[in-house]
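Asks: One line per chain: the protein sequences are U and C, in this order. Take the first sequence: its position 237, counting from 1, is numbered 237 in our numbering, and each next residue is one higher. Take the second sequence: its position 224, counting from 1, is numbered 224 in our numbering, and each next residue is one higher.
Keep in mind that the hints are not guaranteed to be accurate.
Taking CB as the label site, the calculated pair distances span [as the list claims (entries may be wrong)]:
| id | chain 1 | residue 1 | chain 2 | residue 2 | range |
| --- | --- | --- | --- | --- | --- |
| 1 | U | Ala330 | C | His149 | 31 to 37 Å |
| 2 | U | Asp81 | C | Glu263 | 36 to 42 Å |
| 3 | U | Val208 | C | His178 | 36 to 42 Å |
| 4 | U | Gly456 | C | His178 | 31 to 37 Å |
| 5 | U | Glu361 | C | Lys214 | 33 to 39 Å |
| 6 | C | Ser232 | U | Ile457 | 24 to 30 Å |
Mimicking EDC-like on lysine to aspartate or glutamate, the simulated pairs with C-alpha atoms at most 16 Å apart in a straight line are [claimed, not checked]:
| id | chain 1 | residue 1 | chain 2 | residue 2 |
| --- | --- | --- | --- | --- |
| 7 | C | Lys72 | C | Glu24 |
| 8 | C | Lys100 | U | Glu400 |
| 9 | C | Lys100 | U | Glu269 |
| 10 | C | Lys291 | C | Glu24 |
| 11 | U | Lys446 | C | Glu252 |
| 12 | U | Lys196 | U | Asp5 |
| 13 | C | Lys100 | U | Glu389 |
| 14 | U | Lys446 | U | Glu400 |
| 15 | U | Lys251 | U | Asp231 |
| 16 | U | Lys196 | U | Glu400 |
| 17 | C | Lys214 | U | Glu280 |
| 18 | U | Lys287 | U | Glu360 |
| 19 | C | Lys214 | C | Glu201 |
| 20 | C | Lys93 | C | Glu64 |
| 21 | U | Lys196 | U | Glu389 |
A few chain U positions that, by computed beta-carbon distances, are all more than 10 Å from chain C [to be verified]:
| id | residue |
| --- | --- |
| 22 | Arg103 |
| 23 | Glu124 |
| 24 | Tyr141 |
| 25 | Glu187 |
| 26 | Tyr353 |
| 27 | Arg473 |
| 28 | Ala474 |
Just so you know, the hints here were simulated from the structure itself, not pulled from any lab data. Virtual Cβ for every residue (Gly too), placed ideally from N, Cα, C.
These are the residues of each chain, in order.
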Amino acid sequence: MQRFDAAVIGAGVLGCFAARELSRYKIDTVLFEAREDVCTGVTRANTAVVYPGYDHKPGTLKAEMTVRANASFNRLCEELDVPFSRCGSLMLSYGQKADEVLRKKLRQGLVNGVPGLRLLSPEETYAMEPGLAPGLSTALYSPSAGTVNPWQLGIAACENAVQNGVQLRLNTRVIAMHADAGGFVLETDRGTFAVKAVLNCAGLASDVVQELLFPSAVHIVPTAGDYLVLDRACAQMPARIIEYEPEDGTKGLTAVPTVEGSLLLGTTERINTVCYATEESGISEVKAMAVRLFPGLDCNDVIRSFAAVRPNPMSRNGKDINSFCIEHPAKLFWSLIGIKTPGLTCARELGFYLAGRLAEEMAAEANSQFDPVRHGIRSVRGLSFVERESLVRQNSDYGEIICFCEDITRAEVLEAIRRGAVTVDGVKRRIGTGMGRCQGARCGQKIAAMLSEQLGISESAVMKDGPGSVIVRAGHEKL
Amino acid sequence: MRSCKLLIVGAGAAGMSAALSAWEAGCRDIILADRASRPGGILHQCIHEGFGRRESGSELTGPEYAAMLAGKLERSGVTFLPDTDVLSVEADKTAVCSGKSGLERICFEQIILASGCRERTIGSLPVAGTRPAGIFTAGQAQELINLRHLDPGNEVLILGSGDLGMIMARRFTLEGRHVIAVLEQEAQYGGMARNFHRCIEAFSIPLRCRMTIKQIHGENRICGVTAEHIDSGEREFIACDTLVTALGLIPERELCCKGVEGEKWLYLAGNCRKVHDIVDSAAADGERIGKMAASGFYM
Chain U
1 MQRFDAAVIG
11 AGVLGCFAAR
21 ELSRYKIDTV
31 LFEAREDVCT
41 GVTRANTAVV
51 YPGYDHKPGT
61 LKAEMTVRAN
71 ASFNRLCEEL
81 DVPFSRCGSL
91 MLSYGQKADE
101 VLRKKLRQGL
111 VNGVPGLRLL
121 SPEETYAMEP
131 GLAPGLSTAL
141 YSPSAGTVNP
151 WQLGIAACEN
161 AVQNGVQLRL
171 NTRVIAMHAD
181 AGGFVLETDR
191 GTFAVKAVLN
201 CAGLASDVVQ
211 ELLFPSAVHI
221 VPTAGDYLVL
231 DRACAQMPAR
241 IIEYEPEDGT
251 KGLTAVPTVE
261 GSLLLGTTER
271 INTVCYATEE
281 SGISEVKAMA
291 VRLFPGLDCN
301 DVIRSFAAVR
311 PNPMSRNGKD
321 INSFCIEHPA
331 KLFWSLIGIK
341 TPGLTCAREL
351 GFYLAGRLAE
361 EMAAEANSQF
371 DPVRHGIRSV
381 RGLSFVERES
391 LVRQNSDYGE
401 IICFCEDITR
411 AEVLEAIRRG
421 AVTVDGVKRR
431 IGTGMGRCQG
441 ARCGQKIAAM
451 LSEQLGISES
461 AVMKDGPGSV
471 IVRAGHEKL
Chain C
1 MRSCKLLIVG
11 AGAAGMSAAL
21 SAWEAGCRDI
31 ILADRASRPG
41 GILHQCIHEG
51 FGRRESGSEL
61 TGPEYAAMLA
71 GKLERSGVTF
81 LPDTDVLSVE
91 ADKTAVCSGK
101 SGLERICFEQ
111 IILASGCRER
121 TIGSLPVAGT
131 RPAGIFTAGQ
141 AQELINLRHL
151 DPGNEVLILG
161 SGDLGMIMAR
171 RFTLEGRHVI
181 AVLEQEAQYG
191 GMARNFHRCI
201 EAFSIPLRCR
211 MTIKQIHGEN
221 RICGVTAEHI
231 DSGEREFIAC
241 DTLVTALGLI
251 PERELCCKGV
261 EGEKWLYLAG
271 NCRKVHDIVD
281 SAAADGERIG
291 KMAASGFYM
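Chain U with its partners taken away, still in its complex shape (with noise of 0.2 Å):
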């Protein structure tokens, strides 16, 4: 049995942060993740906005959180070497009714204390935005929102928690939990161990997680969004989010202008279906809104759609519950259950406070060894000519372009594989390989190549995500 003081379970972004936070003291943390890699769960597909903190009530502890967490966001970002843009955002209207909306978002933003925030007249924000669809009649304007990649933020967490010291232990799913005198006893399908505290963050099964030992007085429903990307070279890209919800209560739309330079596009919530699978009605609709929110746009620009999961919560009589739910059944032991929006913006915050509470249980002091910065994948897009230069002189791999679209070298590919990419959408997730318009047909295989020969498998054991995603056979084995 291998023992441990806290163990968190599930590596998405939440639960990268927890360990990270945990790693401030000195607690000895095992990090469990089921799958083959980190953030392939909720934190996969995700609207990647850091939010304002304007959409919630005063004096709740998302308002202050997400207030908080954005003031502090560029300081992460820099800590942890993650690319975040902070663009602003612009929630439009069109009608009386969304008029009264905006006005109550002020009103509730001023008291949250979001900075920069004031309703903007139909001129400024044509100025701002102009190529938004004629007739608005106000937009909120919001100069501290901002956008960042979900899943590189959440790899960055977890790098950054085990150079102080955390322990990731992938394929590893907790399949039993029970009580001792010593804290708790978890049983996995690879072993056993014992642990004083736990942090559960599995996501959408976070509920099932807590259940394993505990009542859960909160469910989990998951609803599903559909989302549309657009080619960066698209007609009317906007600086700006875009945040719009109609006045006759249909779905919104969100576009964000993302790190990357793409267009991503998504809509408000429908009920989750298949896994991960995007519905006809929800691409038509992302569609439909975002040609009559930007006339010009056009829709031969799409790249890719994709549809993301949100862990609902909801209360056993069957209520949705808006507020973060972070359950503490006993003492050493912390669940946050059905975290969605603004989860991603709050992520460290949330991790913080759960660091900071479970650090008080246990009287743990703090680690003075602990260190917050992170040094990203070095990449060339966007170097000057002598800076590029000078790194494909230091290391010849640097000069070879495996990603043409995104313009991303071997030596980037080298390195997300040697810091734990197993998968080509591993790779993906670290450098953005295969995100740009061809989609991954021209370097896709150049990955799969790579990932055989740097983790000596054969190529048709080289998988596209998860375990089954099978790209190319080897012999005549059935698919």
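Fit chain C to the known structure of chain U by using the hints.
Replies: Structure of chain C alone, referenced to chain U:
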């Protein structure tokens, strides 16, 4: 800094033809740069016949045609620059190139972009459903089979009956794979009649017109699609373990961006200028543009 009178980006059929015709027209200072270590571009994976009718009078395979052009290139004084990615073309008539040996600027007087085209992917449709493994563009499948000797799958459905779609239907069949059908949204096949006869008819591969795909199924690897009969709206599930998309080609003009677009020293040739039906026409286009660029020096 290296310099030349004429820089050509891309050593496929169009780029090689442009280099050869510019050389023959008297331009004596030509660099032909390509990402790959040998000239030929996409021709290497086109192992079927039907190339180089103009020059050879017979039907060569892609690799044979590439070898023929490469041979001529070698006998000319055109400098071939292998393993070189042209990253950008600047308004001061320099091109930034990246390769294993480093980053360099090549200074030119005129430039021909012959960077070909890329394939439209399923993401651009877009189709509903999951995003499993087992979905390939036709060109990608062609590369896997013909150049990498890998096996993309067994029960193959092909979407799009352009030339590439039909050629890959035959290729999979010749590899002993089962091509379930080629789906086509129009009322007739999209490619040339000769490819229809040689690839589809000759192998009795079902071509199903006025059909499209509405949904992808399969969590990890594709297990089927929901197809729709466009006219009746009727739907059916078609089981497959591989989906090959031949949805058309888009000229690759990333290098021809703001700041240099429209400059009279910049030419587009071959599929980079406009998508051609057959390689021979792309090559003829390259030839014409090469001559035109060369005449720019001797007007």
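Asks: Against each hint, give a clear statement of whether it holds in the structure.
Replies: Hint check results:
1. Against the hinted window of 31 to 37 Å, the Cβ-Cβ separation of U:Ala330 and C:His149 comes to about 58 Å, which falls outside the hint.
2. Against the hinted window of 36 to 42 Å, the Cβ-Cβ separation of U:Asp81 and C:Glu263 comes to about 39 Å, which satisfies the hint.
3. For the pair U:Val208 and C:His178, the beta carbons lie near 41 Å from each other, so the given range of 36 to 42 Å is met.
4. At roughly 33 Å, the beta carbons of U:Gly456 and C:His178 sit within the given window of 31 to 37 Å.
5. Judged by the Cβ atoms, the range 33 to 39 Å given for U:Glu361 and C:Lys214 is violated: they are separated by roughly 53 Å.
6. For the hinted restraint 24 to 30 Å between C:Ser232 and U:Ile457, the CB-CB distance of approximately 47 Å leaves it violated.
7. With a C-alpha separation of about 11 Å, the suggested pair C:Lys72 and C:Glu24 falls inside the 16 Å cut-off, and the hint holds.
8. Under the criterion of a C-alpha separation no larger than 16 Å, the hint pairing C:Lys100 with U:Glu400 is consistent with the structure, at around 6 Å.
9. The suggested pairing of C:Lys100 with U:Glu269 is violated, with an alpha-carbon distance near 47 Å, which exceeds 16 Å.
10. Of the supplied pair hints, the one linking C:Lys291 and C:Glu24 holds, its CA atoms being roughly 8 Å apart against a limit of 16 Å.
11. Between U:Lys446 and C:Glu252 the CA atoms are separated by roughly 20 Å; this puts the pair beyond 16 Å, and the hint is violated.
12. For the proposed pair U:Lys196 and U:Asp5, the alpha carbon gap of about 5 Å is at most 16 Å, so the pair holds.
13. Straight-line distance between C-alpha atoms of C:Lys100 and U:Glu389 comes to about 11 Å, which keeps the hinted pair within the 16 Å bound.
14. With a C-alpha separation of about 12 Å, the suggested pair U:Lys446 and U:Glu400 falls inside the 16 Å cut-off, and the hint holds.
15. This hinted pair does not check out: U:Lys251 and U:Asp231 have alpha carbons roughly 23 Å apart, beyond 16 Å.
16. Of the pairs offered as hints, the one joining U:Lys196 and U:Glu400 is violated, with about 49 Å between alpha carbons and a cut-off of 16 Å exceeded.
17. Between C:Lys214 and U:Glu280 the CA atoms are separated by roughly 7 Å; this keeps the pair inside 16 Å, and the hint holds.
18. The hinted pair formed by U:Lys287 and U:Glu360 fails the criterion: a straight-line CA distance of about 50 Å is larger than 16 Å.
19. Distance hint between C:Lys214 and C:Glu201 is unfulfilled; the C-alpha atoms sit about 26 Å from each other, more than 16 Å.
20. Using a Cα cut-off of 16 Å, the hinted pair C:Lys93 and C:Glu64 is violated, with the two alpha carbons roughly 35 Å apart.
21. Proximity of U:Lys196 to U:Glu389 is assessed by CA-CA distance (about 51 Å); at most 16 Å being required, the pair is judged violated.
22. Taking the minimum C-beta to C-beta distance to chain C, about 37 Å, the non-interface status of U:Arg103 holds against the 10 Å cut.
23. Every beta carbon of chain C lies more than 10 Å from that of U:Glu124, the smallest distance being close to 28 Å; the non-interface claim holds.
24. With a least CB separation of 29 Å from chain C, U:Tyr141 remains clear of the 10 Å interface cut-off, as annotated.
25. The beta carbon of U:Glu187 is kept farther than 10 Å from every beta carbon of chain C, the shortest such distance being approximately 26 Å.
26. No Cβ of chain C comes within 10 Å of the Cβ of U:Tyr353; the nearest lies about 34 Å off, and the non-interface call holds.
27. Look at U:Arg473: its CB is around 4 Å from the nearest CB on chain C, not clear of 10 Å, so calling it non-interface is violated.
28. Once the 10 Å rule is applied to beta carbons, U:Ala474 is inconsistent with being away from chain C; the minimum gap is 7 Å.
Hints 1, 5, 6, 9, 11, 15, 16, 18, 19, 20, 21, 27, 28 from the earlier list are contradicted by this structure; the remaining hints agree with it.
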